[in-house]
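Protein chains in written order, with numbering that gives the first Met the number 0: chain A, 0 to 362; chain B, 0 to 362.
What the hints contain is simulated information worked out from the structure, not anything from laboratory work.
Note that the structure is predicted; figures quoted are calculated from it, not measured.
It cannot be assumed that every hint is accurate.
Copies of the same chain are indistinguishable here, so a pair counts whether it falls within one copy or spans any two.
[To be verified] Keeping only pairs whose Cα atoms sit at most 20 angstroms apart, straight-line, the calculated SDA-like set for lysine to any residue is:
#, residue 1, residue 2
1, 142, 46
2, 350, 197
3, 350, 195
4, 142, 53
Number of protein chains: 2
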Amino acid sequence: MQAVTQTPYSPPGGLEHAVRGLEGTSLVAMTIRDIAREAGVSTATVSRALRGLPNVDPTTRHHVMKVAERMDYVISPTASRLATGRTQAIAVITPFISRWYFATVLSGAERVFHEADFDLLLFDTGEPSEPHRVPPHRRLRHKADGFLVLSLDPESQDVVGLFDLDLPVVLVGTTTRRAVTTMVDDVAGARMATQHLVDLGHRDIAIISGRVLPSPFTPDVDRYDGFLGALANAGITPDPDFLTFGSFTVRGGDQAMERLLALPRRPTAVFAISDEMAFGAMRAMRRHGLTPGRDISIVGYDGHELADLLDLTTVVQPVEELGVRGAQLMLERLLDPSLPVRQIIFPIELKVRGSTGPPLRRA
Amino acid sequence: MQAVTQTPYSPPGGLEHAVRGLEGTSLVAMTIRDIAREAGVSTATVSRALRGLPNVDPTTRHHVMKVAERMDYVISPTASRLATGRTQAIAVITPFISRWYFATVLSGAERVFHEADFDLLLFDTGEPSEPHRVPPHRRLRHKADGFLVLSLDPESQDVVGLFDLDLPVVLVGTTTRRAVTTMVDDVAGARMATQHLVDLGHRDIAIISGRVLPSPFTPDVDRYDGFLGALANAGITPDPDFLTFGSFTVRGGDQAMERLLALPRRPTAVFAISDEMAFGAMRAMRRHGLTPGRDISIVGYDGHELADLLDLTTVVQPVEELGVRGAQLMLERLLDPSLPVRQIIFPIELKVRGSTGPPLRRA
DNA sequence: TTGTACGCGTTATCAC
DNA sequence: GTGATAACGCGTACAA
Chain A
0 MQAVTQTPYS
10 PPGGLEHAVR
20 GLEGTSLVAM
30 TIRDIAREAG
40 VSTATVSRAL
50 RGLPNVDPTT
60 RHHVMKVAER
70 MDYVISPTAS
80 RLATGRTQAI
90 AVITPFISRW
100 YFATVLSGAE
110 RVFHEADFDL
120 LLFDTGEPSE
130 PHRVPPHRRL
140 RHKADGFLVL
150 SLDPESQDVV
160 GLFDLDLPVV
170 LVGTTTRRAV
180 TTMVDDVAGA
190 RMATQHLVDL
200 GHRDIAIISG
210 RVLPSPFTPD
220 VDRYDGFLGA
230 LANAGITPDP
240 DFLTFGSFTV
250 RGGDQAMERL
260 LALPRRPTAV
270 FAISDEMAFG
280 AMRAMRRHGL
290 TPGRDISIVG
300 YDGHELADLL
310 DLTTVVQPVE
320 ELGVRGAQLM
330 LERLLDPSLP
340 VRQIIFPIEL
350 KVRGSTGPPL
360 RRA
Chain B
0 MQAVTQTPYS
10 PPGGLEHAVR
20 GLEGTSLVAM
30 TIRDIAREAG
40 VSTATVSRAL
50 RGLPNVDPTT
60 RHHVMKVAER
70 MDYVISPTAS
80 RLATGRTQAI
90 AVITPFISRW
100 YFATVLSGAE
110 RVFHEADFDL
120 LLFDTGEPSE
130 PHRVPPHRRL
140 RHKADGFLVL
150 SLDPESQDVV
160 GLFDLDLPVV
170 LVGTTTRRAV
180 TTMVDDVAGA
190 RMATQHLVDL
200 GHRDIAIISG
210 RVLPSPFTPD
220 VDRYDGFLGA
230 LANAGITPDP
240 DFLTFGSFTV
250 RGGDQAMERL
260 LALPRRPTAV
270 FAISDEMAFG
280 AMRAMRRHGL
290 TPGRDISIVG
300 YDGHELADLL
310 DLTTVVQPVE
320 ELGVRGAQLM
330 LERLLDPSLP
340 VRQIIFPIEL
350 KVRGSTGPPL
360 RRA
């Protein structure tokens, strides 16, 4: 895509003016000493008054707050950090920020942290395989009071490294009982989805997973487990050709489906471990003139807000809720770091729609 | 949704153990002095060596780096901030993190900042109307070296307040020539979308906008402008009933369409100013047994990755690109704050699909 | 209830 | 090329 650069624009006293309005008034580095002097008290009193600590005369406090407000003074968080050792920030570590699931979890967590007056440091893990990448625990050292980690394997180096920092770590969307987590039972969810296909009569069932196993992402591992479990339960031997990967993206799901459709023996049903990959698969099917639920069945995972419109059968999980609750667990542990490890497990539900049906009888 | 709390789990020497592996070694607050002592040099030299400054003997530097690595030492960013006055962080200010457009822009910007070793502070504006909300420029004071602002009105108090902080501000997705921005011509885009409907023969054209005007979001303002422009151009008087709002969400678009369908005289075509609202509108139409492009035409805006699958006519903009370029502009200005105001304008394109067609002849 | 003074871990300025 | 040391702006004993 070609971008066009415009020549600078000299505003006729518009924004450029409005924007510089307060210039020269108070932008010159206000410190706590300035406020102390102006209010006729010590810096200690200013500090106490502004932070709402007890043992401050109401009159004094009121006065100090007035002065601070008038001079538009805000405590330097940096200096506070250095003095207290706390950052008032939480790092959220996630793969694929732009995927619906992660953006939605993030949104829920952000609201909670924001309300609690914590800053949110966003960290995308990027490609875990990249050679010179700096692991999150190195990059985030001394930058946050806790880590909210989405969908990463608790045993991976990245996560273990975070635990070593000795700060609260909360995992979201990870099927483990060994750490603080908010999660759904991904293995059970995948089993449910696959069982649904089996119940409809399918035996040639393919899966579109995310990353090649062993993957650093738990959904890959757990949902594949559930998939295999349901197959085994039905006495079906998994076909190696039916294991594909779609990087959790629409386009990836599309390409994975293309590969499946190119097989000499096509599957009659497909389980995509994310709704977005399922959407991609549906797109590929449509290109080939195939109708989901009639020619080939497809079931997704997430409960994407568009699954309804696209008539996709899917395993619905409370996505935003996972983020909200995860953030709350974080705040809780910030107050009392000695809280025991625990898990909040949310229920999931298979929502059956038109994208799944009995297998087409072979000609 | 009801959550189930599990009782704590005592791992049999699993993660809990692996996780505490390094305990007792070096977790006790390493400072630059410890490294200096261990390396037999001054703190000044350690600082210089580790930051790659010139005027350090290569041998000394190598030695210091070895020691630092061995002791797993990382400079305290907090102390650096206090000493330098720089934070090495950029705040990204956005409404609606979980919407596809914003998550995608964010994703692009994150990658750029991450690679440049800047932290990303995520700030969701939330409901601008909330009474006790703290404006971004107050909450983010002294916390970032610059602000990347998505889709907010440059003249709004929030944005003006940020400019007053006298740090680089880059706007993304805002049609203005008064500040540093990456943008598309939203007015032209909306005009293009509406003109397309007019060209097909529609005259009863509704719009699903985001927030009630005057909205703090520029897409609302600019795209409505373009819409009105195209109507005026065709000699069509806008019907007040045809102006609806969908909060930029799928559900909101759905509800807006419901209101339109409840009108005594229905529109024959609808322009939704975001694809997600268009999707919602399509959902409502389907519930009513209506087919997009035949019974009612609908055109969206964004170029959502699912517009293709849903056969939605839409105005395609380079979303991730806007974020990437915006972040780059930010870094550029960090190096040279005196750079002149400029705009990067990206081209847009109307992608015609099946959701638009000629109006149904009235019975 | 309030004030004094030291420490938090760096960077930067100056000598050497 | 290297070292000593004064900021940076706040929190917090401790004393008053």
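With identical chains treated as interchangeable, where does the CA-CA distance between residue 142 and residue 53 reach 20 angstroms or less: within a copy, between copies, both, or neither? Neither: 29 angstroms inside a copy, 27 angstroms across copies.
Same-copy or cross-copy closeness of residue 350 to residue 197 [CA-CA at most 20 angstroms]: The answer is within: 16 angstroms in one copy meets 20 angstroms, while 40 angstroms across copies does not.
Reference check for the pair residue 350 and residue 195, CA-CA at most 20 angstroms: within, between, both, or neither? within (10 angstroms within a copy, 38 angstroms between copies)
Indicate which option fits the pair residue 142, residue 46 if close means a Cα-Cα distance not exceeding 20 angstroms: within, between, both or neither. between (23 angstroms within a copy, 19 angstroms between copies)
Figure legend: structure checked against the earlier numbered hints; the only hint not met is number 4.
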